[in-house]
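Since the structure of chain A is provided, determine the placement of chain B on it from the hints.
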Amino acid sequence: MSNLEQIPVLTATAVFFISGILMMSFINIPFFVLLAFCLIMLTLTFSKRKKNFVFVLSLLFLCLGLGGLHLKNHLRPPRNHIALLDLQKAGNIQLGGIIDSDPTYGKRKINFVFKDKKIMSNGKSYDAQGKALVNIYSMGRFYYGDELILEGSLYRPFNFGNETNFSYRDYLQKQGISYILNVKKGNKIVFLADNGANPFKSLAFKLKHSFEDILKHKLWPVNSAVLSAIILGERQNFPEDIRRAFIQTGTAHIIAISGFNVGIVVFIFLIFLKAIGIKRKARYLVTIPILVIHMLAVGASASVVRATVMALIVLIAYLIEREPHIINSLSLAALIILAYNPLQIFDIGFQLSFISVLGIVILSPKILSLSRAFLCGLIPRMKGRKLKSSKVMLNSFAVSLAAWLATFGLVACYFRIISPVTILANLIIVPLVSLSIILGFILGLSAIACPQLAPPIAATTNFVLLFLFQAAFSLSRLPFAYFYF
Amino acid sequence: MFSLTRQEKSVLLFIASVTLVGITVNYLQKIPRFKNSLNYITTQTNTFSKINLNKATLTDLIGLPGIGQELAQRIIDYRSSIGAFNSAEELKKVKGIGSRKFEALRDRINVGENP
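Taken in order, these protein sequences are the chains called A and B.
Residue numbers are given in our numbering: position 293 of the first sequence equals residue 293, and the series is strictly consecutive.
Each number in our numbering comes from the position in the second sequence (counting from 1) with 1000 added on.
It should be emphasised that the hints constitute simulated quantities derived from the structure, not laboratory data.
Keep in mind it's a predicted model, so treat the numbers as computed, not measured.
Beta carbons: idealized from backbone N, C-alpha and C, even for Gly.
Wrong hints could be hidden among the right ones.
Unchecked claim - Think about it this way: if two alpha-carbon atoms lie no more than 30 Å apart in a straight line, the pair counts; the simulated DSSO-like pairs of lysine-lysine are:
#, chain 1, residue 1, chain 2, residue 2
1, A, K201, B, K1055
2, A, K48, A, K118
3, A, K117, A, K48
4, B, K1055, A, K188
5, A, K188, A, K117
6, B, K1055, A, K274
7, B, K1093, A, K206
8, A, K117, B, K1095
9, A, K51, A, K115
10, A, K51, A, K118
11, A, K201, A, K107
12, A, K50, B, K1009
13, A, K188, B, K1092
14, B, K1009, A, K115
15, B, K1009, A, K51
16, A, K206, A, K118
17, A, K115, B, K1095
18, B, K1030, A, K118
19, A, K174, A, K206
20, B, K1092, A, K117
21, A, K107, A, K206
22, B, K1009, A, K48
23, A, K184, A, K109
24, A, K188, B, K1009
25, A, K185, B, K1095
26, B, K1009, A, K118
27, B, K1055, A, K184
28, A, K184, A, K201
29, A, K117, B, K1009
30, A, K281, A, K109
31, A, K174, B, K1030
32, B, K1095, A, K188
33, B, K1093, B, K1055
34, A, K118, B, K1055
35, A, K50, A, K109
36, B, K1095, A, K118
Claimed, not checked - Computed far set for chain B versus chain A, every beta-carbon distance over 12 Å:
#, residue
37, S1010
38, T1024
39, N1052
40, R1074
So here's chain A without its partners, still in its complex pose (with noise of 0.2 Å):
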């Protein structure tokens, strides 16, 4: 953190770049006009190139375009988008197209996302392009990467009352999404071939449903739930009163899936490949495609994607003997996630792990400090190796106060939700999610490995797990451990 004070020039380009994404929310610019204001920027910066305050100046101000523009950009609908359609004239509609995304089977439907090729409706057909979200109401057995003909109704999906924050429609509208296609009992499905699938993610969603085999296989249901929910991010069975338990201890970030639980990836693919004699570059290069698969696995939010790039970036940088700069990282990690998706910075998921990591990274160090020069006050004698020891409960103290401090505002804007029990919550329930997630990798891999190995190290898991339940809900009855308002 030696250069924090020095803003790098990647720092303040995501800075305006997300300030023009986000000026664009609000005030609505002709895209010409923005364009006429991009192009003088740019010759600003073409013909001041010797001068750096005015060269540094109109760049940054032609980021602020950018973003604007590539906002109004990904607002606009190609020609051919199915957003674009006039329902009220269109029947029963057939859509040709892909299986998009991982089939989730609940108990009455299948869904999926469904990237559209073509439509038909009223005997004619089309050229299409856009996704939608698939509920089918019969049996059947559909995969990742599967070319199929739908026939069903298409809607727009619903906006609710003003008396909730929530939209459906705004939901999937991020996520790309314009139509829900139900598709009942009766209506044709027409299975055409299985080639349509992206290998890596194909590979990952292979590799997930045998993990969450094995988790199904040899836990107890409530534990395979919630371990299939931290490890995998499928989190459609996740017990409702461990939910609400881990929201009211302020600790549900370890639901979703995030940097820690990338962290906890990357720390045991490390110590695994060092332990079987990989040296220490081969290690960083073989963890990178891991990383990679883990993310495309449990399903690629803006918390894992993030996650996943800072990793990425601090391997490549030791691999390349550089050292890592986190802010820097951090910006990359968000330019990447809004040039694929700019509405992504409206979405909480995105906020939260953003602010919590600058959280972490630029107040976490001065806690540290403070609490250092606290104790060392409180016990002059507590020098050394005393002063040592009790690093490791310090730097949690620091981490979980800094993320706390940061992210409180918006938590509770969002969930209506105080938890002043979240720090110590976070310094006991953290390190028992670790070792679950731990036990959990282990557990996958010794039903591969060697299977007689596997019921006590399940029966292991299903202890720490329970453990962990009971201290979740000890820690939300505390007094004043959270208010609702």
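Chain B in isolation, oriented as in the chain A frame:
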């Protein structure tokens, strides 16, 4: 605040210019000719309507689901070797088209009136 070398400035300018051009071209491509109506796509030629196997070009065949360039070329080669398809079922004789793929294509193909 920033001390940039000449090369760094050139790289930044190049990236910014490419991004600006990319966004502009992409935006211009998206401007619709006919808004808010299914009619806007009627000008397109690629449809779900049946394709005559005896008259289909390579592009027509690639437009069929599950058929790539290689398989489309194999169909054309087969058609050239036999002169013309007498029935749609004959497509199954082309290497790479099994019963499953044929069933998926059955509604989309015919052999025309004068095979």
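Okay, the hints, checked on the actual structure:
Of the pairs offered as hints, the one joining A/K201 and B/K1055 is violated, with about 38 Å between alpha carbons and a cut-off of 30 Å exceeded. Between A/K48 and A/K118, the direct Cα distance comes to roughly 50 Å. Violation of the 30 Å bound is thereby established for this hinted pair. As the CA atoms of A/K117 and A/K48 are separated by approximately 47 Å, the hinted pair breaks the 30 Å bound. For a cut-off of 30 Å, the pair hint linking B/K1055 to A/K188 stands: about 29 Å separates their Cα positions.
The suggested pairing of A/K188 with A/K117 holds, with an alpha-carbon distance near 17 Å, which does not exceed 30 Å. Restraint check for B/K1055 and A/K274: the C-alpha separation of about 62 Å exceeds 30 Å, so the hint is violated. Using a Cα cut-off of 30 Å, the hinted pair B/K1093 and A/K206 is violated, with the two alpha carbons roughly 34 Å apart. Of the pairs offered as hints, the one joining A/K117 and B/K1095 holds, with about 26 Å between alpha carbons and a cut-off of 30 Å not exceeded.
Our distance criterion of 30 Å between C-alpha atoms is broken by A/K51 and A/K115, whose separation comes to about 49 Å. Of the pairs offered as hints, the one joining A/K51 and A/K118 is violated, with about 53 Å between alpha carbons and a cut-off of 30 Å exceeded. A C-alpha spacing of about 26 Å is found between A/K201 and A/K107, which places the hinted pair at or below 30 Å, so the restraint holds. Between A/K50 and B/K1009, the direct Cα distance comes to roughly 10 Å. Compliance with the 30 Å bound is thereby established for this hinted pair.
The suggested pairing of A/K188 with B/K1092 holds, with an alpha-carbon distance near 23 Å, which does not exceed 30 Å. In summary, the hint linking B/K1009 to A/K115 is not supported, as the alpha carbons are separated by about 40 Å, beyond the 30 Å threshold. Taken as a hint, the B/K1009 and A/K51 pair is honoured in the structure, with Cα atoms around 11 Å apart against an allowance of 30 Å. Between A/K206 and A/K118, the direct Cα distance comes to roughly 28 Å. Compliance with the 30 Å bound is thereby established for this hinted pair.
Only pairs whose Cα atoms come within 30 Å are accepted, and A/K115 paired with B/K1095 is accepted, the gap being roughly 29 Å. With a C-alpha separation of about 18 Å, the suggested pairing of B/K1030 with A/K118 holds against the 30 Å cut-off. Only pairs whose Cα atoms come within 30 Å are accepted, and A/K174 paired with A/K206 is accepted, the gap being roughly 27 Å. Between B/K1092 and A/K117 the CA atoms are separated by roughly 25 Å; this keeps the pair inside 30 Å, and the hint holds.
A C-alpha spacing of about 22 Å is found between A/K107 and A/K206, which places the hinted pair at or below 30 Å, so the restraint holds. Proposed proximity of B/K1009 and A/K48 is supported: the alpha carbons are some 11 Å apart, at most 30 Å. A threshold of 30 Å between alpha carbons decides the hint, and for A/K184 with A/K109 the separation of about 9 Å falls inside it, so the pair holds. For a cut-off of 30 Å, the pair hint linking A/K188 to B/K1009 is broken: about 58 Å separates their Cα positions.
Of the supplied pair hints, the one linking A/K185 and B/K1095 is violated, its CA atoms being roughly 35 Å apart against a limit of 30 Å. For the suggested pair B/K1009 and A/K118, the alpha carbons sit about 45 Å apart, so the restraint of at most 30 Å is broken. Straight-line distance between C-alpha atoms of B/K1055 and A/K184 comes to about 37 Å, which puts the hinted pair past the 30 Å bound. Between A/K184 and A/K201 the CA atoms are separated by roughly 28 Å; this keeps the pair inside 30 Å, and the hint holds.
Simply put, A/K117 and B/K1009 have alpha-carbon atoms about 42 Å apart, too far for the 30 Å limit, and the pair is violated. Under the criterion of a C-alpha separation no larger than 30 Å, the hint pairing A/K281 with A/K109 is inconsistent with the structure, at around 47 Å. Simply put, A/K174 and B/K1030 have alpha-carbon atoms about 19 Å apart, close enough for the 30 Å limit, and the pair holds. A C-alpha spacing of about 28 Å is found between B/K1095 and A/K188, which places the hinted pair at or below 30 Å, so the restraint holds.
With a CA separation close to 18 Å, the supplied pair B/K1093 and B/K1055 stays within the 30 Å bound. Taking the CA atoms of A/K118 and B/K1055, the gap is near 22 Å; set against the 30 Å cutoff, the hint holds. Taking the CA atoms of A/K50 and A/K109, the gap is about 63 Å. The hint is violated against a cut of 30 Å. Proximity of B/K1095 to A/K118 is assessed by CA-CA distance (about 26 Å); at most 30 Å being required, the pair is judged to hold.
A Cβ of chain A approaches the Cβ of B/S1010 within 12 Å, the least distance being about 8 Å, so the stated non-interface status is violated. With a least beta-carbon separation of about 6 Å from chain A, B/T1024 fails to lie farther than 12 Å from that chain, contradicting its non-interface assignment. Interface exclusion of B/N1052 from chain A stands, the closest Cβ pair being 16 Å apart, more than 12 Å. With a least beta-carbon separation of about 16 Å from chain A, B/R1074 lies farther than 12 Å from that chain, consistent with its non-interface assignment.
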